[in-house]
Structures are given as structure tokens and as C-alpha cells.
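Given these sequences and hints, build the entire structure.
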Amino acid sequence: MRLVNRLLGRRSDRAPYAIFGGIAADAYKTRSLRSRLMPVPIPEQLVLPLSQNLGVDAVAIVEAGDLVQKFQLLAEADEPGSVALHAPTSGLVSSISNATVADEFGSQRLCIHLQSDGEDRPIETVPEADYRALDHLQLLERIERAGICGLGGAGFPSAQKLSLGMKSGIDLLIINAVECEPFISADEALIRERGASVVVGAEILKSACLASNCIIVLQEDRADAIEALKKALENSSIELMTLAAGYPVGGEKQIIQAVTGMEVPSHAYPASIGVLVFNAGTAYAVYKAIADGEPCVSRITTLTGAPLQTPKNFETLIGTSVSFLFDLCGIDTTRHTGTIVGGSLMGIQLLTLDVPVMKTSNCLIAMSAAEFPPDEPELACIRCGFCAEACPARLLPQQLYAFSRAHDHEQNLAHGLFDCIECGACAYVCPSHIPLVQYYRSSKAEIRAQQRRQLQSQHWQRQFQQHQYRIKKQQDEAPHQISGDAVGPVKDDEPAKKNRSREDGDKTEAAVFSRERAKREIAEAVARVRARKAGHIASPRTDAESDG
Amino acid sequence: MQTQPSAIGISSPMQHSQRSTGRLMLLVIAACIPGVATATWYFGFGVLINIMLAASMAIILEACALKLRGRDMRQHLSDNSALVTAVLFGIAMPPGASWWLVAMGIFFAIVIAKHIYGGLGQNLFNPAMCGYVLLLLSFPVEMTSWHIPNDALVDGSSFSAFSLAGLRQSLLLSMPVFGSAQMSSPDSIDGLAMATPLIEFKMAGTGALLAAWDAGVSLFSRDSGAAWELVNMGYLCGGLFLIYKRIISWHIPCAIIATVTMMSMLFYAPDSSAVYGTPYLHLFGNATMIGAFFIATDPVSAATTVRGKIYYGIIIGLAIYGIRVWGSYLDSIAFAVLLGNFCAPALDYLCRPRIYGHGKKSRSVPTTEVEP
Amino acid sequence: MDQVNRLLPQTQCGRCGFEGCRPYARAIVEGESINRCPPGGTDTIIHLANLMNERRQALDPGAGNYQLPTVAVIREAECIGCTLCIQACPLDAILGAAKLMHTVFEQECSGCDLCVEPCPVDCIDMVPISRDSHLPWQAPGEIRSVYNPLNSMS
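Protein sequences appear in the order of chains V, F and L. Following my numbering, the numbering of the first sequence begins with 1 at its first residue and continues without gaps. Following my numbering, the numbering of the second sequence begins with 1 at its first residue and continues without gaps. Following my numbering, the numbering of the third sequence begins with 1 at its first residue and continues without gaps.
I should point out that these hints are in silico values taken from the structure, not numbers from a laboratory. Note that the coordinates shown come from a computational prediction; the quantities given were computed from them, not determined experimentally. It cannot be assumed that every hint is accurate.
[Unchecked claim] Stretches of chain V that chain F covers, calculated by requiring three or more beta carbons in the stretch to come under 8 Å of a beta carbon on chain F:
1. 29-39
2. 245-251
3. 264-271
4. 315-323
5. 340-347
6. 376-382
7. 454-465
Where a beta carbon is used, it is the ideal one built from N, C-alpha and C, also for glycine.
Quick look at the structure:
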């Protein structure tokens, strides 16, 4: 294919491979790119979810009432999957409590509520003059401490991704600035103005994962950004590649296919084939973390939508509420029909505006009836096959839909349900307006719940078998005891062997425990409790307990 | 501010391409117009009357069926699928057919072949073809008599088909209770008494178009014998329009046409019997074009994967040629399509594309693993 | 019989009338009716019907009713340390020893409620629990369907 392209005189920097399927959707990006990046004024209240990717919570190391400074560490990433959290501005931690976060269900998650004092005092940051002096392990450590996660939307902790990748050996690092989804222009705005920093960030990432090559990928219709990058890449080993416009070429699996022609094996990470993909915004955050010593406390967010008077790209602080940002842009509430975090095809429709921007919120769309006409009713599937033409994973959405309706999970799995990236291309083209992605999500949830229950059943079965074994063993040894029942063993989390050794120890004690004494003591205790109960009005004891 | 979590989330995508089933079906009907217009020109108003009858009965029947099934009528009628079935059925019916034939056929098509199976999207077989086949098997004589009013056969005067007299006669043919229409003479009828003028072409060595060209006869007059070819050209244009608009994909029509061409070239034997004719004969001398572009591509009953569609087309093409040449029916589109419908579910199951990320084999690898 | 056993939820609650899931599995193979497992929910009945080639049936009311998944919680203030519940628990999910406070391991407890009866001071509650980590997506148009996890107790 590359050869054919060269022979036909095509630009050699254009990606040589095509992805499967795909759709062409209107971009709606120009309006938010008319102006430059704008910093956002510091809001009064910042709400910082302990899990910036709505996965595993970080562990808060501050308490309510603490005064914090900008860039101060607020929560540590103890468990795999969590990301460190830093204060975006100085102020007072007013509380650590549940608040609504930006997901489809309006779930409540634990958040640090920060009252800003307006002074924005930072702690001392340690910029690194020459990142090349650091070795990759030091780079990894700094990236982890800076709380960097994938800013393209998924929010996977970057340090973990890098170290996982290094284990398999990385041949190619791809910096994904494709941004194929409609409405989002954050990466383009970033590259247009700060392309040099993005390139340095890319080089840092390349050193951090010991990749042999690095390519930055853009869509070919982004002239400004391509210009800026070409200038920035003049003295760099990093290559630039442009892709034809389309959705979803920017998806991780699709961009790997477009750039390398290889496919990521099902249920495996790209690192297994020697490729890592990072978003351009993440590269910029890495640059800030290493070169300026500033942890990740802000990101570029596109504010767009017809009801907004001034749509643009803002450099928002993490924790700013969506309603604050909309007010900043001037929103026409009469036309405002809903809000989306993310793009129009894979974003999350919010139930309320009082949710905070997180590290993964790349775009906020104010919906209006003009751009987002109300949903048409779902009709029957006419098996037209448009969805299969559009699917970038080459699945058969019409079959998956039929199996999801029938709750036929075996067939769903056999047809590759978990290879679905939920890009929404199938539902976009469906002439019967079937909400296909929702069907697949519910089927996936059912299958996951089923698998969890199966594991649980197996666990319980093992427990029961151990229980039976223990009983049998006691019965075998019963003649050797003085009298009475054996008492149950002290249960702990250790495997069965340790249980049994403890059990032996208990038996000697139990040996002197006679049945009559037991009965007597029980009767006394019961009487005590009854008296206690009679003497009280029904008092809830549960809140006074602490679970062991 | 805290709000209660809701169990009902709104799923992405929030944008839509604004294509709708209703509009697609209307475009399919629009694509039929060239063919229908040509047929009306040559065969009189009977064609249009059949279509109108079928369409009105179809809508009424569909509304009744939806009501009985407890579905929202306006929503489901707006998908225009009953209209498409009716139009294709009306085109397939012979122009002089009585109204009760049309009624019976459309009843079977809409109520039994479509709604009893579960409505739009659930029918295994092409409803229009089911209705047609029912009538063909039950009323073979009526279905193979191509009654055309006298006026339509008048040589030279190109506009007689659109005269009021022609209209009146077509209506009378359709509803014989109101009187009897003047039928064409027995000699002329024989020539046109078959479901398609295949017999005529059996005598002709070359295509009638070329013959007419040589003879200097106007193509638009009834005598040119080019009627069927032009009708087929009309449907071909309509079909290409549908492919251009990406409403149907090219796989099924191409597979059918290619298979019929290959088979007719393979078995070409003009000396033995004219039915072993040229590919041109087989493609344009009867209903192959409408079958390939409009009937076999009915999405609900056709195969749905790309490779499946190609095999589906091949099966139908083989059946078209086989039944036509070696079977006892003159035109075999309906049976061929039904045969293809039989095979479609199996083709859907067997001809799956290789999923992204699965082994570099042609079949996707089933897996029961689950993402964490 | 192992295939049948794999379809059962392994709560070992005994509501089916047998002492645990494996004996019930054995009984099913020998012809026992398949609709006696409330914790399994309609899912289990359907899977058993498919496996044993029998008709699907509604849950036998004699075996109990469908309920939300629950775990046992001991009100520790009232616990007298008699260990009767420990002996009753088929999964050894209760931690404790003679005259010491007992508590239930939430992860291990299957909600079989065999411990509630033996407790002389009646200090055990069965509390509904949701083991899924977050709200799952619902299929469009379905609020609660036969296949919803609600109907399967574990």
C-alpha cells in the first residue's frame, strides 16, 4: 500500500492503511477555534473527585479544614488504577464528602471540596532544565507523582501504562492528536498554540517508555496545527503523519491500524504488539510535569454548542463546575436542552450541571434542538446492514442487537461483543434509530454480572467444601475429645491449612468446655439480653458498632 | 448539590445521521418510477391500477394488523414498508388481473408473510413474492394471462395508452363486475399471453431492440416488441440510482446478474430451444432486472453480511436460470428469491467477517473471555 | 451432575429442601423438579430447563420467594458469643470464638440465612446488598426484565 501510494505520487506522510468501516460526520469545530486558548478565572468552589477517571479512588492525605496551596498533593495513588490528585489552586479543604460526578447516572463519588481563597499561591515547583539528564525510571516516577492520566477521555494512569508497556518492549509511540469526534477541538487548539511543548512532551514520553520510534498523528484538514507541528518537529526525531478525516480513526485500536496496519489482538493491550498510544494533551501534561515541575491540575476543555455565545477552548482547572463554565461563555438557557461531557458520539449526557470537570473532560457541549434534534422512536431493525458497514471493529451490530434483545449471551460473546469499542458509529447510521450502543452496554453489564456471580458461586462452593472437610475431620477426631461439642474454628483469610492448625489449638481449650456449662451460660446471657431489651425503647445499636 | 442517582442513563451517541427507514423506502419506490412508467406506457393503465389497489389495501391491512398486535400505528406505518411491498407486488401482477386477485395476494403478503412472522424486520421471506407465489400456484391461468386492452395495441398512435378509453378498459378488466372490457383478438393475445413475452424472444435471434433498429420501427410503438427491454432498462436505471444513493449495496445485484450471465453463456445453445438464449435475453427479456435490484435486495429477507450477500446473489442467480430454463415456470424470479430467503439465515451465520483483533483467518474466533 | 451443580448459585441455603446445592443437583439429575431454588432466580430455572430438557416453570412457592441478595449482619452489641451461628454457617463466613463477639464476613456470606434461627438472642439481620460495583446500563425500554440481575439473588 505504501508502495502504491508512492507510485501514485501521494504525500508520503499520509497514513498508508485504512481502517474498517467508519462514518463521515459533520465536525462542528470551527466555531470553537476562532479564538485563542483562554485561561479560566478561578472559581470559588472546586470539587475534586478522588477518582479522576471514575475508577479506583486515590487516598486522601488531607482532611477537612486543611489549608492547601496550589500544586499540593491532596490524594495519593496507592492502588493500581488510581491517580494522584493535586490542588488546582490554594484554599481551604471544606469537606471530603460525596458529590455528583459527571457520568450518565448522576452517581455520587467521594470528592475533596476545595474553597479557593483567590490568591492562587503555589508550592515550590522544581522545573527540570534538561529532561534528557533523567533516566527513564526517574521520568516514570515523576510522571506518576504528577498524577498524569490519559487526558483523551479514558483516564488510564499514564505511569502504569508506560511501565506496562516497557515490560513488553515498545517499538512505536503514537501521539494521538487526531480528535476525530465532532465538536471537540481541544487538542487542535493546544497544538496550534503550544505545539513545541507538545513535541517536547512526546520526546519525554518516548524516553520514558524507551520507544524506538515516535509518530504524531493528525487529521489532514487541520492546516494550522500541521503547520505548527512541522515547525516544532524540525529538529526532532519524531515524525508527523496525517490521516484522512473520518470517525473513528482516532480510536486507539483504529489509529494503530491506520498507522501500522497491525491489529491489536482481542482482549490485549496495544503494548502487547509493541505500540503505545498517548493523547496530545497527555504529552503536554507530561511536559509541564517534567519541564516545569507542575503536576496535572488543569486541562484544555472545549466549550461549544449553539446556545453558547462565545464557544472557545479554555484552560480549565480540574474541579471547576460545568455551570460555572457555561456562565462564563454566556449560555442562552432558552435554547439549552441538555449537556454532554465529551463529544457528541461517545460523550456522556449529564443529568445536572453541578458536576465538576475532571482530568478526562475534554469537551462540554451545550445541546440545542437545532444541533441535537429530539430522538426519534426506535423502529424495527430492517437488517439493512448499514451498521456493519460503519463498524470499525468489523462486528455485525445487527446480529449483536438481535442477541442482546434475546439476552443470548453465548452468541453475543461468539460474535465479539466485547470487541465493541462503543464508538456509536452503528447507532449513528441506523435508519430505524435503534439505540444500539445502549443495548450492547446493557448486555455487557449483564454478562459481567453473570461472570461475577459465577466466580462467587465457585468461591462459595469451595468454602462449603472446606467447611464439610472440617466437619468431617472433627467427627473423625471426636472420640478423642472429653465431651461436648467442638467449637467452630477461628475464621481468617488464610488458606485452609492455617485454619486447621489454629483449629487444633482451639480444640484443647474446647476440650474442657462442657455442654451443660454451655447451656447454662447461654440461658444466662439470653436473660441478660432480654432484660436489656425490655429496659430500652428500641434503640438502633448498629450505628454504634464498628464492623470487625 | 447532590442529586439522586438515576438508573436510567442516556447513552451515546447523541447525534444521528438523520437517515430514516421511511425515507429509504420512499426512495426505493421513487427508483421504481422509471420502470413503472415504461410498463404503463406499453401495457396500459392496468399496471398503475394494480399498484394503486395493492397500495391502498396494503396500508389498510397493515393498520389493522398493527392494531391487532397492539403497536402504535402512526409510528409503524411511517416506515413505509407496506407501501414498498405493495408496489413491488403490483408490478409483479399481470396488468389485467382482477381486483380480488390483488386483494388476496396482498392480504397474504402483508398479514401472513409479514405480520404473523413478527412484523417488519422479522419476516423470513420476501412478502411481495410470497403473495405472488400464492397466486401463481393457486390461479395459474389468471396469473399467466397478460390482458391488455385493445387501445393499447393500436399501432403507431403513441398516446392511446393514456386515453380515457384505455383507462376505462383497464378499470373494467380489473373489476369485471361493472362490465366487460373489449379484449384484444385471440391472435394478439397468444403472443402476449405469457407472464412475460419470453416466447416472442424465443423466436428472435438477436435482441428485439436491434431488430427494431434495423427495421426502422419506432421503439415507442406497441409493435416494436421492445417493451420488455425498455421496462427492464427502466428498472436498471432505478437500481443504479439506489446503489448510487447507497441504499442498497452492489453485491446482490452484481452477483445475480453475473451468475445469470455466466450461466446463460455456459449453456448457450440457440439451435435447441430459444430459451437457451443469450445473456441479453435472460437479463433484459424478462424480470431479471427488477428481481436483482428491487426484489432480492429487500433487506429484511436477504443475507446481511458482505460475503453472505454475494453467495445469496449467486444462489438466486442459479435458481433464476435453472428454474427458467429447466423448470416448468416461465419466470422464476419469485421462486428463486424465496429459495434465497431460505438460505439467508444460514449464510448470515456462516459468512461472518473477521473481527478486528481476531486471528488472521476467515472465520472469526469465538471466545468466551470477558474484559475485566 | 456437575453441570447441574455449576448452574446452581452455591448459597447452600437449603431452601430447596436439600442440604446444600450439590445434593439438590444430584436430586435434579434423578428427576427432582428444577424450580426449587429461590437464590438462583429465574435465570437458574431457565438454564436448568435448557440443560435438563424440561419445561420452564415458575418458582415453587414451597421453596420460598424471590428476594434481593442479602448478607447477614450481626448486631454485635447483642451478641453473646454462643457460637451457634458459627456452627450453622455452611460457608464458615462467621468469625468468632466462644464467648467472643462474632461477626460476618460480607464477602463470604451468601445470604442463606441459616444462622438466623439458631441465634438465641436474635441478633442477626439479613440486609440487602448490591454486589455490582456501579449501576449497570439498562437495555432500552426495560426497567426490570426477567433476566435482570435483581432476579438472581447472589
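So, going through the hints one by one against the coordinates:
1. Counting residues of the segment 29-39 of chain V whose beta carbon lies closer than 8 Å to any beta carbon of chain F gives 0, which falls below the threshold of three, so the coverage claim is violated.
2. For a cut-off of 8 Å, the count of residues in the segment 245-251 of chain V with a CB near a CB of chain F stands at 0, and the three-residue condition is violated.
3. Figure legend: the segment 264-271 of chain V, annotated as covered by chain F; annotation consistent (5 residues with Cβ-Cβ distances under 8 Å, at least 3 required).
4. Coverage of the segment 315-323 of chain V by chain F is violated in this model, with 0 residues showing a Cβ closer than 8 Å to a Cβ of that chain against a need of three.
5. As drawn, the segment 340-347 of chain V meets chain F at 6 residues by the rule of a beta-carbon pair under 8 Å; at three or more, the given contact holds.
6. Coverage of the segment 376-382 of chain V by chain F holds in this model, with 6 residues showing a Cβ closer than 8 Å to a Cβ of that chain against a need of three.
7. Against chain F, the segment 454-465 of chain V contributes 0 residues with a C-beta closer than 8 Å to a partner C-beta. That does not satisfy the three-residue criterion, and the hint is violated.
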